[in-house]
Amino acid sequence: MLILTCPCCGVSGEETEFHGGGEAHLTREGPGADDAALEGYLFHRENPRGVHFERWRHVYGCGKWFHAARDTATLEVFGVYPAQTTSPPEDLLAVIREKRPGWTWRGLS
Amino acid sequence: MSTRLTKGGRRIDRSQPVTFRFNGRTLRGYRGDTLASALLANDQMMMGRSFKYHRPRGVVASGAEEPNALMGIGQGGRFEPNQRATQQEVFEGLEAESQNHWPSLAFDVGEVNAALSRFLPAGFYYKTFLWPRAFWKHVYEPVIRQSAGLGKAPKDRDADTYEHYYHFTDVLVIGGGLAGLAAARAAASGGARVTLLEQSAHWGGRAPTDDDATDQVEALVADLSKMDHVTMRLRCMGAGVYDHGYVLGYERLTDHLADKTGPRHRLWRIRAAQIITATGAIERPLSFAGNDVPGVTLASAVRDYLADYCVSVGDRTVVVTNNDDAYLTALALDRAGLSVPAIIDARQEGGGDLAEAARARGIRVLTGHAVAKVTGRTRVTGVKLARQTGEGAVIEDIACDAVAMSGGWSPVVHLWSHCGGKLNWDDAEAMFRPDATRPPTGADGEGFVTCAGAADGVFAPGEILQAGAAAGLRAAGATGHPGQMPDLAGPSERPLRRANPLEPVWLMPASATRALRAKTWLDYQNDVKVTDVQLAAQEGFESVEHAKRYTTLGMATDQGKLSNINGLAILSGALDTPIPQVGTTTFRPPFTPISMGAIAGEARAETFQPLRRSPLHDWHAAHGADFEPVGAWRRPYAYVRPGEDRHSATAREITQTRAALGLLDASTLGKIIVKGPDAGRFMDMLYTNMMSTLKPGRCRYGLMCSENGFLMDDGVVARWDEETFLCHTTTGGADRIHAHMEEWLQTEWWDWKVWTVNATEQYAQIAVVGPKARIVLEKLGAEGVEGEAFPFMSFQNHRLAGIDSRVYRISFSGELSYEIAVPAGQGLALWQALLDAGAEFGVMPYGTEALHVMRAEKGFIMIGDETDGTIIPQDLGLDWAISKKKDDYIGKRAQQREDMARSDRWKLVGLKTLDGSVLPEGAYAVAPGHNANGQRNVQGRVTSTYHSPTLERGIAMGLVLNGPNRMGETVEFDTLEGGTVPARIVDPVVFDKAGEKQNV
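Protein sequences appear in the order of chains A and B.
Heads up: the first sequence at position 52 corresponds to 51 in numbering that gives the first Met the number 0, and the numbers run straight through without jumps.
Heads up: the second sequence at position 209 corresponds to 208 in numbering that gives the first Met the number 0, and the numbers run straight through without jumps.
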């Protein structure tokens, strides 16, 4: 059972205090999107063994959504950051590059 | 025979005899006995029968690894199967029964399986029962069900209570042997909070018996007991190690007591920054024919029974070994005055110092020899001696009544491995040991588990103390509490236990014939033999995980404790692949099974889940409410009066409401406030229809879809003012919908100025329904509510019965209807005022079933009935509620997908049975022909079906292929009884289509 720290309220809590919300940084495809783009948005998800970016909600706490960068194999948590962004912060990416040289995730590396 | 010797026994108190019952017989033991030691003391060698062949089985081990002596303990509400007799302490009045036998332990019908073993090879259940197909249902399955499973399931409700305990610690030490005690002592020296768990009832592990270390153990326990920051628990097993330092501890509080007061088990839910697993090692059996005959026991267990309980497994014990350790057993037996006819050492060179000591006492030591076969059926009568390097040609018969075997030791790496700790194969010691460079890693990427002592493959007592303390210091240091190395005096020198190295012996004799191998057990509990694993390999189950599942090796409660390495070695030999390449199966928690009660803890009966109650709940309960669960709420299904059932009560409530006046407690409906400058824009995204154009003071019915386009909730929206909307949701949907809103606001449109509040519980809401509704409102003080002064789908504030109320003129029944919202605390007062004012019209409350029937009569959909997560609004004929003007709303693009837009989707219609009967719930409309599986084709299904007291016949709605274009057609619906019921496709609205009743 993971321990996560909510970047909004600062509380470190048990996984049961949070709710996972799947892959982070999806771009919404609305009216006008072609079928392929819509399919990608609705259904296609990364399932990496290693570095992953996820959405979590501190559901039994402050109620806020946030992002977490995590290694799905070792369960190391590289960092958490607010939900109000379209990409991970640069300093976090630097941490991951140092710890996992050569990693890639969608367009990131 | 097995018996109690006259004096000694470290753990028993001879001044406190206890009586207990085994299979109905009254037996005596002493306080401190385990059930296994007490049974052995009574010469009860046979303790059960095996799972598959029902072979007689005796106790093999003395601890958690025991595979055979599994018992049903207790009676009635306290009965529990599969308890290890080696861990169950005896107490006055204990009731135990052996398992897997019928009619009795001594005479068992199922033993015929053993004679049929040729026909029950590995994977037999995948092969044998396939044909003929018809046999499955009537022959194979009943027989398998009769014989499947270990033990009997309890029949009565559990009479005990259980509890969960949350615990936080810097350093958790699992295992209270020498290594664990030293680790805890060192970890505590710098002030770290330390928790020490030991699964048995005693500290010290094997050290008092094998290393004369009683003094060292007592000194360490005394030191630790004085420290306030150290928590120590006996009878508390470290059951599993999970992500980020989460550990489950399983404490057995009353299993060893006659007095069952208080919780039976306590589940410790521990968060530890660092974990030290000092879980010791388990001795391995040797693989020779007849190694499962009662009386064949692990050499270490023979020592334990002698030292701890002063019980001898046999009068004449042959020791068979591939290492020096078992000589300790021979020496202990000899010192106790028992006979050791021979020590059979498979090693050509034999043992070291201990072997010399044995020879010096006149014990016959045979090196390079093997047990070809054990003779005896329900107990050992002798062994047949052979050379280890042969096929098993018998040299000599040695009479004995017990065999003490040792195949070397396997570190207990289970807890290390639970969360991903990796292992290395140690060729010299022939064992898997933890690879300290590849530990389980925590949130910071650093290891959080350390193995110490025998669990790490360290066996010399002096080294164990030092290694344990070093692990403790390192762990405490990692939590910011550096300490000092305690002064740990090792036990006095003893003859070296490992002077001569172990020699791996995976089969005895090395080239045993098939006949011998077919009687050589690898896994006692699951009846897996050497030939079974070899067959699995031969049939292509080469992966260790496949071989395990095919043969059932290491399954059930064993989890690889005794069987793992021997099985792997046989598989390795059969595949001609080295053991490390074959690998090991996955060690999964719990270490030994934990009770279901402990897992549930306090969460049973009323405390299983908190219930939500409306502010009027107590009134409902006092007035005949028959409650039904709606989400976490309990709502009155109907108010059943004396002489009524649910059905007739519902009919009365509907008839009264349609005729005059009814009241509904609608407080459970979700009430979410959406407020802010961008609220209108946000509402337009949430709902399929246009909400931003709604005028303050007005209401609009709206639909909410998921981004996949599927209908997820519906309800009436009221615009309180320019910036504020109140969204009514379904009773079960309020929390989900509020979370849905927050998700979009926080993660997609975070720059929109909108605030949402789930105000569901802030208001009591009462629906006043029926032709007399307006008069009652006026009686309570409402003014100007006539006709167009208070139009349908609007709301007004009124003071009713002295209570500030918000009155919504909305209707879910087709009647003239007002839903009155007041602060929750005023709900009961308003309810009572409405009852008083409505008395002259025969007012009565109605429940959810009346609500459902009345909405169905009007053709209104219900989320969860007409929808199931695959239904779009267009399927339900709700196109009118989907804005054509809006560029976007959640789900809009998905509703344009090919599958959503196709013309042959099943669509909502009304269904009228030709005979007026009520259609079965969920019934399918059959279509001509059959599908590929031979099932009838279908063309629709029933979504709602009721008896309408208004129309005095069955009414239903359903989704039917091209339904709206087939009005008047008749389709056939399947029934559970077989056959079909014809129903005509009709308009879903079957009552007051023109809406005249509410338009007054």
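Because the hints were derived from the structure by calculation, they are not lab data.
There could be a bad hint or two in this list.
[As the list claims (entries may be wrong)] Taking lysine-lysine and the DSSO-like style, the derived pairs with C-alpha atoms no more than 30 Å apart in a straight line are: (1) K98/A to K63/A; (2) K98/A to K421/B; (3) K151/B to K225/B; (4) K911/B to K752/B; (5) K421/B to K674/B; (6) K778/B to K883/B; (7) K63/A to K891/B; (8) K992/B to K63/A; (9) K752/B to K63/A; (10) K674/B to K694/B; (11) K884/B to K992/B; (12) K694/B to K885/B.
To see whether the hints hold, each was checked on the structure:
Note on K98/A and K63/A: the hinted pairing holds, with a Cα-Cα distance of about 28 Å set against a maximum of 30 Å. Simply put, K98/A and K421/B have alpha-carbon atoms about 20 Å apart, close enough for the 30 Å limit, and the pair holds. Restraint check for K151/B and K225/B: not satisfied, since their Cα atoms lie roughly 44 Å apart, outside the 30 Å limit. Taken as a hint, the K911/B and K752/B pair is broken in the structure, with Cα atoms around 50 Å apart against an allowance of 30 Å.
Distance restraint check for K421/B and K674/B: the Cα-Cα separation of roughly 55 Å exceeds the 30 Å cut-off, and the hinted pair is therefore not satisfied. As the CA atoms of K778/B and K883/B are separated by approximately 43 Å, the hinted pair breaks the 30 Å bound. Distance hint between K63/A and K891/B is fulfilled; the C-alpha atoms sit about 26 Å from each other, no more than 30 Å. In summary, the hint linking K992/B to K63/A is not supported, as the alpha carbons are separated by about 46 Å, beyond the 30 Å threshold.
A threshold of 30 Å between alpha carbons decides the hint, and for K752/B with K63/A the separation of about 16 Å falls inside it, so the pair holds. Note on K674/B and K694/B: the hinted pairing holds, with a Cα-Cα distance of about 15 Å set against a maximum of 30 Å. This hinted pair checks out: K884/B and K992/B have alpha carbons roughly 28 Å apart, not beyond 30 Å. Restraint check for K694/B and K885/B: satisfied, since their Cα atoms lie roughly 17 Å apart, inside the 30 Å limit.
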